[in-house]
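Peer 1: Residue-level listing of the chains:
There are 4 protein chains.
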Amino acid sequence: MERFCESVLRVRYVETDQMGIAHHANYLSWYEIGRTDLCREAGFSYRAIEEKGYLLVVTQVNSRYRKPFLYDDQVVVQTSIGQIASRSILFRYRLFDSSRKVVHADGETSHLWLDSGTRRPVTAPAELTAAFERFRRDGGDSESP
Amino acid sequence: MERFCESVLRVRYVETDQMGIAHHANYLSWYEIGRTDLCREAGFSYRAIEEKGYLLVVTQVNSRYRKPFLYDDQVVVQTSIGQIASRSILFRYRLFDSSRKVVHADGETSHLWLDSGTRRPVTAPAELTAAFERFRRDGGDSESP
Amino acid sequence: MERFCESVLRVRYVETDQMGIAHHANYLSWYEIGRTDLCREAGFSYRAIEEKGYLLVVTQVNSRYRKPFLYDDQVVVQTSIGQIASRSILFRYRLFDSSRKVVHADGETSHLWLDSGTRRPVTAPAELTAAFERFRRDGGDSESP
Amino acid sequence: MERFCESVLRVRYVETDQMGIAHHANYLSWYEIGRTDLCREAGFSYRAIEEKGYLLVVTQVNSRYRKPFLYDDQVVVQTSIGQIASRSILFRYRLFDSSRKVVHADGETSHLWLDSGTRRPVTAPAELTAAFERFRRDGGDSESP
Numbered sequence: 001m002e003r004f005c006e007s008v009l010r011v012r013y014v015e016t017d018q019m020g021i022a023h024h025a026n027y028l029s030w031y032e033i034g035r036t037d038l039c040r041e042a043g044f045s046y047r048a049i050e051e052k053g054y055l056l057v058v059t060q061v062n063s064r065y066r067k068p069f070l071y072d073d074q075v076v077v078q079t080s081i082g083q084i085a086s087r088s089i090l091f092r093y094r095l096f097d098s099s100r101k102v103v104h105a106d107g108e109t110s111h112l113w114l115d116s117g118t119r120r121p122v123t124a125p126a127e128l129t130a131a132f133e134r135f136r137r138d139g140g141d142s143e144s145p
Numbered sequence: 001m002e003r004f005c006e007s008v009l010r011v012r013y014v015e016t017d018q019m020g021i022a023h024h025a026n027y028l029s030w031y032e033i034g035r036t037d038l039c040r041e042a043g044f045s046y047r048a049i050e051e052k053g054y055l056l057v058v059t060q061v062n063s064r065y066r067k068p069f070l071y072d073d074q075v076v077v078q079t080s081i082g083q084i085a086s087r088s089i090l091f092r093y094r095l096f097d098s099s100r101k102v103v104h105a106d107g108e109t110s111h112l113w114l115d116s117g118t119r120r121p122v123t124a125p126a127e128l129t130a131a132f133e134r135f136r137r138d139g140g141d142s143e144s145p
Numbered sequence: 001m002e003r004f005c006e007s008v009l010r011v012r013y014v015e016t017d018q019m020g021i022a023h024h025a026n027y028l029s030w031y032e033i034g035r036t037d038l039c040r041e042a043g044f045s046y047r048a049i050e051e052k053g054y055l056l057v058v059t060q061v062n063s064r065y066r067k068p069f070l071y072d073d074q075v076v077v078q079t080s081i082g083q084i085a086s087r088s089i090l091f092r093y094r095l096f097d098s099s100r101k102v103v104h105a106d107g108e109t110s111h112l113w114l115d116s117g118t119r120r121p122v123t124a125p126a127e128l129t130a131a132f133e134r135f136r137r138d139g140g141d142s143e144s145p
Numbered sequence: 001m002e003r004f005c006e007s008v009l010r011v012r013y014v015e016t017d018q019m020g021i022a023h024h025a026n027y028l029s030w031y032e033i034g035r036t037d038l039c040r041e042a043g044f045s046y047r048a049i050e051e052k053g054y055l056l057v058v059t060q061v062n063s064r065y066r067k068p069f070l071y072d073d074q075v076v077v078q079t080s081i082g083q084i085a086s087r088s089i090l091f092r093y094r095l096f097d098s099s100r101k102v103v104h105a106d107g108e109t110s111h112l113w114l115d116s117g118t119r120r121p122v123t124a125p126a127e128l129t130a131a132f133e134r135f136r137r138d139g140g141d142s143e144s145p
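Protein chains in written order, with this note's numbering: chain A, 1 to 145; chain B, 1 to 145; chain C, 1 to 145; chain D, 1 to 145.
There could be a bad hint or two in this list.
As the list claims (entries may be wrong) - A few chain C residues that face chain B, going by a derived Cβ cut-off under 7 Å, partial list only:
| hint | residue |
| --- | --- |
| 1 | T16 |
| 2 | D17 |
| 3 | Q18 |
| 4 | G20 |
| 5 | A25 |
| 6 | Y71 |
| 7 | V76 |
| 8 | S80 |
To be verified - Not the full set, but computed from the structure, chain A residues with beta-carbon under 7 Å of chain C:
| hint | residue |
| --- | --- |
| 9 | Y13 |
| 10 | V14 |
| 11 | E32 |
| 12 | H111 |
No lab work stands behind these hints, which were simulated from the structure alone.
Using N, Cα and C, we set each Cβ at its ideal position, and we do this for glycine too.
Modelling step: build the complete structure from the supplied sequences, incorporating the hints.
Peer 2: Structure representation (structure tokens):
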């Protein structure tokens, strides 16, 4: 069973559309919250990663929408690491309601490591790759999730 | 060569993020503008489609990011129809800069037809399917692409 | 000293702009989270209010920006009720950092009660007005905060 | 009669909320489009202003909502300059439907000039102040609108 980091949020009013459901573009922001929380749990806030001079840019997004979320619904984001390469990384996401039994959506995002000065692809810093591998293996530096 | 509908927009300041580029979630809104314009060009505004009692919900999004857009850049969205089934439809998108030579991103969205009252899948209304097929074949009711 | 409801959130990456700060339009969504939480604390979720057949539309927003928020900053929203009239209500907001000592922004929003069927102004339901007055007087049905 | 710059846009689906109208936070993005277009019409794109090393940060927003906009409605933004001081500037906005007769909303935004390096308030560059004063007096460098 894959290790994941869990984030919980509520659907904001501004995130609904005239269908009366959360607009699908917001799921990408929720995935982003998921991987931000995973980074933090793995020992490095994404803010610290950028301060070290790296950017983790999005190169691909896939998202499948199974069951809508309504305004004020709780959204449980479970984020895991799919693949770690020297210059890229893939995150996976599953969105549940608060029962954690019904998958409302799932997706993946692919990312490339850039040097924030040159904006050119670089090898991921070794300490980050190690932290992500440790997270995937045994759930991060902390005991939780 | 596939027929497409072209939309032109500019990157808004609010759409940028602290990397100094347009945030990837906004591309989904731009794709949405593309298919809205395609519907209009095919003879039915999406607003009219909803007023007839149908919803065209998103079931899947794939998006590939090749080259970032910057604030105030012109974005040229070329939208085409990938597949038309009785209950679903797939749109394809390519995003260019104003030269129309460099692809910055491309993607697809899959959609399901729902009855807006019951929120259950339905067969697409025949006149809409016919309009979309006509668009794909010869570029819509109008002369222009 | 005015009673308030407190909400805590983090600045999302998608909420930053190329100045490297949270874009000012997002503060309106944060104010919205504040008044949603206040409604819940006063005993009626805003979702339940709409289900009863009422809409609380925004008629005016004022917002003053004193100190920017950065990506991943904690934002503490303190929301209070400014004025309760038969057909309208005014909420006040103050945004702090996690120390709760430095005001980053403050604002007010004015709202009108509508019947969700007719979309016409109506007198606020008595039970809601009573709940808001109770909140303002003694902090809601619950003991906290 | 005050000189204004006119921008025309359409309400995007993602901008609607479950009330079936454009969410009020989006008006701030539309005001931003208005002042961006005004800058361009006055002879300096806002992008060029930032490239010269200046930031024009928002210090206050007031917005009054009179009549909602619906999905796919045309929004006509008329932007004018309210006040020009050495370190600050105020823009005014009126939002019309396509008839240009019915005001749906109006507002003001106050801004402070910052040095983008130090992030400290500075005197506005003389050429920009001159361009804005010329715009206010006789409608910008160009003959239009």
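Peer 1: Each of the hints needs a verdict: does it hold here or not?
Peer 2: For each hint, the structure was consulted:
At about 4 Å, the closest approach between the beta carbon of C:T16 and any beta carbon in chain B falls short of 7 Å, and the interface hint on this residue holds. Taken as an interface hint, C:D17 checks out: its beta carbon lies about 5 Å from the nearest beta carbon of chain B, inside 7 Å. With 7 Å as the threshold, the beta carbon of C:Q18 comes within range of chain B, its nearest partner Cβ sitting at about 4 Å, so the hint holds. At about 5 Å, the closest approach between the beta carbon of C:G20 and any beta carbon in chain B falls short of 7 Å, and the interface hint on this residue holds.
Checking C:A25 against chain B by beta carbon gives a least distance of about 6 Å; that is within 7 Å, so the hint holds. Here the hint on C:Y71 is kept, as its CB sits about 6 Å from the closest CB of chain B, short of 7 Å. Interface hint at C:V76: violated, since its Cβ lies 21 Å from the closest Cβ of chain B, which is beyond the 7 Å cut-off. Among the interface hints, the one on C:S80 is violated; its C-beta lies about 28 Å from the nearest C-beta in chain B, farther than the 7 Å criterion.
For A:Y13, the shortest C-beta to C-beta distance to chain C is roughly 5 Å, which falls under 7 Å, so the interface hint holds. Taken as an interface hint, A:V14 checks out: its beta carbon lies about 5 Å from the nearest beta carbon of chain C, inside 7 Å. Satisfaction of the interface hint for A:E32 is found here, the shortest Cβ-Cβ separation to chain C being roughly 5 Å, below the 7 Å cut-off. A least Cβ separation of about 13 Å between A:H111 and chain C goes past the 7 Å threshold, and the interface hint is therefore violated.
Violated hints, in rising order: 7, 8 and 12; the structure is consistent with all others.
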